[in-house]
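Peer 1: Sequences listed follow chains A and B, in order. Yeah, the first sequence ends on 224 if you go by our numbering, and it's all consecutive. Yeah, the second sequence ends on 448 if you go by our numbering, and it's all consecutive.
Hints are computed from structural coordinates only; laboratory data are not their basis. This list has only true hints and no planted wrong ones.
Covered stretches of chain A (chain B as the covering partner; in silico rule of three or more C-beta atoms under 8 Å from a C-beta of chain B): (1) 166-180; (2) 215-223.
Simulated restraints on C-beta separations: (3) Leu-252(B) - Gly-217(A): 37 to 47 Å; (4) Ser-139(A) - Thr-438(B): 49 to 59 Å; (5) Ser-226(B) - Gln-19(A): 44 to 54 Å; (6) Ser-363(B) - Ser-139(A): 18 to 28 Å; (7) Glu-373(B) - Lys-198(A): 22 to 32 Å; (8) Gly-250(B) - Ala-72(A): 19 to 29 Å; (9) Gly-217(A) - Gly-267(B): 41 to 51 Å; (10) Gln-62(A) - Thr-333(B): 21 to 31 Å; (11) Glu-25(A) - Gln-370(B): 54 to 64 Å; (12) Lys-198(A) - Ser-377(B): 24 to 34 Å; (13) Asp-59(A) - Thr-333(B): 20 to 30 Å.
Glycine included, C-beta positions come from ideal geometry on N, C-alpha and C.
Number of protein chains: 2
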Amino acid sequence: MSYKLLIVDDEKMLTDLLQEYLKNEGYLVYTANNAAEALEKLGVNPDLILLDINMPEVDGYQLCREIRSHVACPILFLTARIAEQDSVNGFAVGGDDYITKPFRLHELTARIAAHLRRDARSRQSSRVVASNHLIVNLSERSVFFQEQELVFSKREFDIIEFLMTHAGQVFDKERIYEGVWGYEAEGDSDVIKEHIRKIRAKIKAVTEEEYIETVWGVGYKWRH
Amino acid sequence: MSYKLLIVDDEKMLTDLLQEYLKNEGYLVYTANNAAEALEKLGVNPDLILLDINMPEVDGYQLCREIRSHVACPILFLTARIAEQDSVNGFAVGGDDYITKPFRLHELTARIAAHLRRDARSRQSSRVVASNHLIVNLSERSVFFQEQELVFSKREFDIIEFLMTHAGQVFDKERIYEGVWGYEAEGDSDVIKEHIRKIRAKIKAVTEEEYIETVWGVGYKWRH
DNA sequence: CAGGAATGTCAAGGAATTGTCAAAATGATT
DNA sequence: AATCATTTTGACAATTCCTTGACATTCCTG
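Construct all of the structure, not just a fragment, from the sequences and the given hints.
Peer 2: Below, the structure is given as structure tokens:
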């Protein structure tokens, strides 16, 4: 299934040209040369919209707001370079990106592709924590050291997350238990020792760097 | 009081647009379009920095390192779509997060807000005591003299914390024992002598300054 | 300025904490 | 139900640090 693009520009020559080109790139392309037509074509439910905001007789920003209220897809502005100091901000009315005319065709397609990819990659903002060379993606629950992924079990990851989001702070085992398990440890919280060992071992398999520091007689902390 | 943001990107149009938008969100926004300007604008002491690392004629990573050596605030990378793989390296030079262009504005603002929240929290939770050049972080249980960290054992640190938070006051050994151990000393509280010695030795290895003063016939106190 | 009491120094044994490992209990998947 | 991965447990080893006691030094007082 190919992506649907909607191009809105008053210059029919430009829309036709782009349509031709983008069709060859594998997109389904729809065009509109005025506001009314644009709103009408929203019916096809495009995946991305290219919008010229400097159209005569049309308030591009108003149109953008209007479009935005109907669809959630990325909107890419086409703007003339002269109109730089426009008082209204394209972003403020729901635009996602802008390209200044004149532009290279391959730049346009690169940006279109980037937006579509980004859009597909569910737009949940990924919370990422990093320390030194370890990159921890909290929403994907993944851990990378350079190119290599480290696999941790649930508890292991939870402990990493807990310590890492409070990097530098020292926690005794009871606090860690409470923070990760969600309730107080009944007997001794000796489990943590073992999990820490596993975590350290997995990290050590990849790098010599120490991330979890033992604070003797107190607890553990994540190096920052 | 509103947060101060510094946006660094070579595209003036982008910095202007973002400035406009983020101003409406209630931030104080400063912009810079090149490295020199960026370093200069650090003077305003921003709470968060948005940094494009793919600027022409500027080594973004070098700039980041440079910035990091001046300020401790969160640095959010903006990376171009093509150079996605590069973004990972950003963490190595002190970046805190990255957003690939193009991005959704609400994603950007969400991340900015998240970082500022996090920063505020961590700043709040770090209880720090300082005297002369010694900086003691009570939540990290770390002690620094200028750039150098001094490592203390649990009891040693506890004694430092006890004396330092009551700087100037004299305590006899029984009171110190009680305050640090949490219960009264059974026999003589001679242990303290030894701990004080160790503490002094570790500090002396780094500076000649005396921090713990002996009040003969009475006890000890922390100089203020 | 000598004597005694308080403090400083040092080395070493013992106490407490943490690291390690294997095996048992629990939970998940097919 | 059987298998597999994960979590927990407990015993032991390794490590760190706390404490002790003997001795040296300093300080105050007579």
